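Listed below are the residues making up each chain.
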Amino acid sequence: MQAVLSLKKYIKPYMVFAIIAPLMMVLEVGMDLVQPTIMQHIIDYGIAQDNTSYIIKMFGLTVLCAFLGLLGGAVCSIYASKTAVNFAADIRQDLYETITYFSNSNKDHFTLGKLITNITSDVEMLQRALTMLLKVFVRGPLTFLGAIVIVFLTARELFPILLVVVPILAFSIYFFTKISGKLFLKVQEAVDAVNTRVQENLAGIRVIKAYNRKDHQIDQFRSVNEKLMKRNITADQIIGILMPLTAFVVNMGIIAALWMGAFKVENESIEVGVIIAFINYLMMIMGGLMSSSNVLMQIARAVPSAKRIVAVLEEKPEITNSESPVKSSIKGTVEFENVHFAYNKQNEAVLKNISFKVNSGETIGIIGMTGSGKSTIVNLIPRMYDTDQGLIKIDGRPIYQYDLETLRGEIGFAPQKATLFSRTIEENVKYGNDEATTEDLIEALESSCAYEFVEKLDEQEQYLITQGATNLSGGQKQRLAMARAFIRKPAILILDDTTSAVDSISEKRIQRAITENFKESTKFIVSSKISSIRHADQILVLEDGCIVGQGTHEELLETNTTYQDIVSTQLVRGGTLHE
Amino acid sequence: MNKPTGRQVGPPSLGRHPGPRFNGPAEKAKNQKATLLRIWSYLKNQRIGIVSSVFFVIVSSILSLIGPLFIGLIIDEHILKLDIDGTIRMVLILAAIYIISAVFTWLQTYVMIRVSQKTIQQLRQHLFEKFQSLPLSIFDKRQQGDLMSRMTNDVENLNAALSQSVIQIVSTILTVVGTGIAMFYLNWVLAVVTLLVIPIIVWSTKQIIKRSSKNFVMRQKDLGNLNGYIEETISNSNITTLFGKEMQTIEQFKKANEKLRASALSADIASGFLGPVNNFINNLGIALVIGVGALMVVGNVGVSIGVIASFVTYTRQFFRPINQLSNLLNTFQSAIAGAERVFEILDEQNEVADVPDAITKNHYDGEVEFRNVDFYYQKDKPVLKNISFRAKAGETIALVGPTGSGKTTIIQLLNRFYDAMSGEILIDGNEINQYKMENLRDHIGVVLQDTYLFSGTVRENIRYGKLDATDEEVERAAKIAYAHSFIKYLPQKYDTMLSSGGMNLSQGQRQLIAIARAIIEDPDILILDEATSSVDTMTEVQIQKGLNNLMQGRTSFVIAHRLKTIENADQILVIKDGAILEQGNHDKLMKNNGFYASLQQQLQVQ
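If you read the protein sequences in the order shown, they are chains A and B.
Heads up: the first sequence is residues 1 to 579, going by the UniProt record's numbering.
Heads up: the second sequence is residues 1 to 606, going by the UniProt record's numbering.
Every clue listed holds true.
Simulated restraints on C-beta separations:
| no. | chain 1 | residue 1 | chain 2 | residue 2 | range |
| --- | --- | --- | --- | --- | --- |
| 1 | A | 458 | B | 390 | 34 to 40 Å |
| 2 | B | 89 | A | 23 | 48 to 54 Å |
| 3 | A | 30 | B | 320 | 20 to 26 Å |
| 4 | A | 515 | B | 472 | 52 to 58 Å |
| 5 | A | 26 | B | 211 | 22 to 28 Å |
| 6 | A | 30 | B | 160 | 31 to 37 Å |
| 7 | B | 32 | A | 458 | 39 to 45 Å |
Please keep in mind that the hints were generated in silico from the structure rather than gathered at the bench.
Everything numeric in this text was worked out from a predicted model, so none of it was measured.
Idealized CB from N, CA, C, for every residue including glycine.
Build out the structure end to end from the sequences listed, making use of the hints.
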């Protein structure tokens, strides 16, 4: 509940709307409730006394009531929508901004998929619940309570019937609502199982065909599919009892009203119009109860969504600017002093006691096996994560003192996973530098050996990349991601294993371009291939998060056994031929 | 990677989002009649259920019509005449009617739910089995999300329609017609007065739906755009951070969000009128009945108080279904459209069927020959041109060439992922289409470039290569593939659960498991398509040893990028632009001094 309350501030700007909506709903419900009473008066006074003008007057009154009800309902609907839509849009905006400024560790904490669901379906769920709350939730209980009160006031003779019928109705609705929650949870599990199976089978269709496992897959699917069917049947059949049951209970109320009414009319304690009005109120009571329970379910389902949203909104970005960030320009001397780092603080450290220094303009190669911590080192430089212990300095100043924007603005980073956006090639590369000219663009593309394939495309730089860049090969993606880093002309250039899918000949051309075009920049090259780093001014050999060797190719070749091992496995002709 | 050319380029298709349950415009099916007939062919299996369900609906609808008639009758004939005994007698009959009505209503749902769920289950099963029988070209052509949504959204729409709408439409029609008859029977003047309201209902509902549909389409479009934007930017958010583009990204988001705010407001407000307007018309109808009815009672034209009571109840019964009808028809329409999309897939051609008397073998020697093989995805863009080569049993063939040259396609023809357009492919002297496809694939082991693992344990994933493999066999295969060394450090070792797509392992580790999976299959012909591309070199050398053991005595096709692996092959095929450029072993090709030699030399020059 705490979570829901902390979203209160998003309603505040629309508080007037949020108050008007239920108030107008009160008007609509009030008018609905008055109608049977007027009807009763028409029958018991107008007809009984043959009073035509009274009937016409009362008829006018009912029509007026109907119009007032329409007014109330319409205005309520407008303001409820206004409140809910604006509320949702504001939350969505705040959520998105919060997430955009999240550090990697924040994102790891929530996982990207959950964050996406949060901002899409959770917000939507909340919006729907709020609309319902403002519209129906007032309507249901109000109709229900109002009808009971009116019966008590105008048809007290028949009121005892309500004392029996209403508790039975309320209990059965409560009971079935509760059960249906449980049943549908089970159905949902079965639905998820079916969806996962289908999704996997679509994604892994090649493997299935290659291994000839069609029948195996079909058998597996049959069992989840049957389970889904069985659970659906059980759930629907049990819940299907509710409707006939409530109708039955209400109908029994009508029977009781007629029975009792007959005696009361005979001993002249009530008029016949009272019975007719009572029957109408009874139906309203049922309707009111049913719709309240529906809304309650909706709201109950929105509470977890609200909790998840609040958790995201309240998460503090882990990496922020220091109090007085330094915005001075960066030349590019990078120094690590006894750096320790672990992604998960309970687990073993990924980096242990890392110390090295690169001067601006130099190239440093980092090599090691998968999982040795190569990528982690370079991810610490733009503060994607912060160190647990030790210091990283750029131009002699600890990096946390720099303004984040300045720091990252001076770094050109091509990450291991070459992610591109669903825009044109030009837009993707210029993402690295808004002010880049067409010449800059072509230069960057040429440096990364991307121009050779871009040139051949019908649309050239205007070629539209699909979501997930499915219309490019792995090597093409890597080349474009490098071009995006190159176009920044950064003080520090970081290539995190960006040529794994690029053929050796192109790689060599890229290396040459980097040496020529980025003389001033400090260059970090992470790779598991000797050929990518052998010409570096300095090479770090990493094993299990520790530096086990440091020096030039020739030095390491003489002294370092790990390095010798790597070299011997890759030999002189260990190059790669194609992508 | 070898993808079919001509892949659609354009903005990502927007997933369908669970919009609010207002009145979205229903999608229309192209051929409603044919689709309906086909849905019926599925329902036919449940004929008894349907017939009895319809019977129950008819009975319960008629009973619910009799109820109000009785109420009026009791008031007029018994209560007003102070006839207590008569009242009790009639009330008991009414009670019986209500009991039967309740039982029948429940029975009808009970039966119909079975009918629809069984039908849906069958349809889902058919669709799934169809997925398994479709040729790969369909999966290239259609997006995975599209196929997925046919299995989920479309089938679900049909389910909703079958389990509720069908019965509701029947009962609505019965109720409306029955109520109409009952009202005319009671008093035609009052009936006409009541029916006067119907044109207003139809007109106003239509207006509202027309307006809200338009806004709804806008709203769905904006929502789709926004969600697409969210998905992409959040998935790629590390790029945003690295390049310091937070402000710009937020600015763009704001534009899309504001657009949605505006369109959502107009859509929600327009559709929100439906409720109050319907309520108003109901009230107006009842007011008319009471007003005119009361005047008629006073004017002594054959209307009694009981008739008014019956009419009020009927009026309530009459309008509710009419209000719902348009909603029902919408559900129904999108269900038919959904069913049509499902049938569209069911009508796709299956993978080629086996020829009659297809050959099955327990062992293939592994002699493979391509004779003038051509292949294309699109006629004007040939992928393979006149490919001919011969591999003797037990040989290792390396395929070399730039991206998109057609290497992967060649091996995909071998296990019949695709069929050649012209030319012949022979294994052990027979054309491959003479073999039973299942038998052939059982004896060809493949490690694909894009490794796919299923959700399940590590053990289950390795065992996928041989379903009846023992735990020891699994472990042995893992050791050969050098997967054992990391598996033993996993939290539950071989019983560690992998998430779908194997995302909690590194790409290299996934490849190792895929190799173990191929090893355990013990195939006669082995295909390795960049099997070790994501494994670091140290590990690769070790796996290579294992693979060398495995390749011993089996015909193997290897697409690799490490020159070392290629050098040792018995035969190297250099493929360029879909044709074989050079062919021979390493020494021969080096002597030829052609493309291959120039590649080698370029790499030598440091």
